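Each residue of the sequence shown is one higher than the one before, counting from 5 in the numbering used here.
It cannot be assumed that every hint is accurate.
Claimed, not checked - Calculated pairs, DSSO-like style, for lysine-lysine (alpha carbon to alpha carbon, straight line, at most 27 Å):
1) LYS16 / LYS37
2) LYS16 / LYS54
3) LYS23 / LYS37
4) LYS23 / LYS54
5) LYS54 / LYS37
To be verified - Here are the computed distance ranges between Cβ atoms for each label pair:
6) PRO89 / LYS23: 26 to 32 Å
7) GLU61 / LYS37: 16 to 22 Å
8) PRO89 / GLN17: 18 to 24 Å
Simulated from the structure, these hints should not be mistaken for laboratory data. Computed from a prediction, not measured in an experiment: that's the story for all the values here. The C-beta atom is built at its ideal place from N, Cα and C for all residues, glycine as well.
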Amino acid sequence: MSRDDELVRQVKQDFRVSKLDDQHMSLCEWGVKLTLTPAECGRGDIEGLKAAGWAEEQIVSAAQIVGYFNHLNRLADGLGIDLEPEMKNDAQ
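Please work from the sequences and hints to get the whole structure.
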């Protein structure tokens with residue numbers, strides 16, 4: 005995937021209304037599910053991602069990235085750490 009600044013802006017704002025292709029949209033939707041309801045994730049989700057064109061190794065990498073950011077966010081929230089100024093601007 006090449007760098008497309010407009011696509012980056014769209015995804016940061018709301019990936020669901022961005023011009024992501026179906027393959028990348030499926031990965032983002034799964035990332036949300038893994039974040040919000042991890043106990044509901046299962047083999048069917050993995051098979052769906054594979055059917056969308058993702059290799060198992062790519063899915064594992066995505067799970068590690070999602071888990072890492074969830075971990076960092078949980079730590080920051082739990083410790084009352086404020087967002088960095090540039091992150092606050094992006095969140096608005």
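Do the hints match the structure? See the list:
1. LYS16 / LYS37: holds, 17 Å
2. LYS16 / LYS54: Distance ~25 Å between LYS16 and LYS54 Cα, so the pair holds.
3. LYS23 / LYS37: holds, 20 Å
4. LYS23 / LYS54: holds, 21 Å
5. LYS54 / LYS37: holds, 16 Å
6. PRO89 / LYS23: 26 to 32 Å: For LYS23 against PRO89, whose Cβ atoms are near 29 Å apart, the range 26 to 32 Å holds.
7. GLU61 / LYS37: 16 to 22 Å: holds, 20 Å
8. PRO89 / GLN17: 18 to 24 Å: holds, 19 Å
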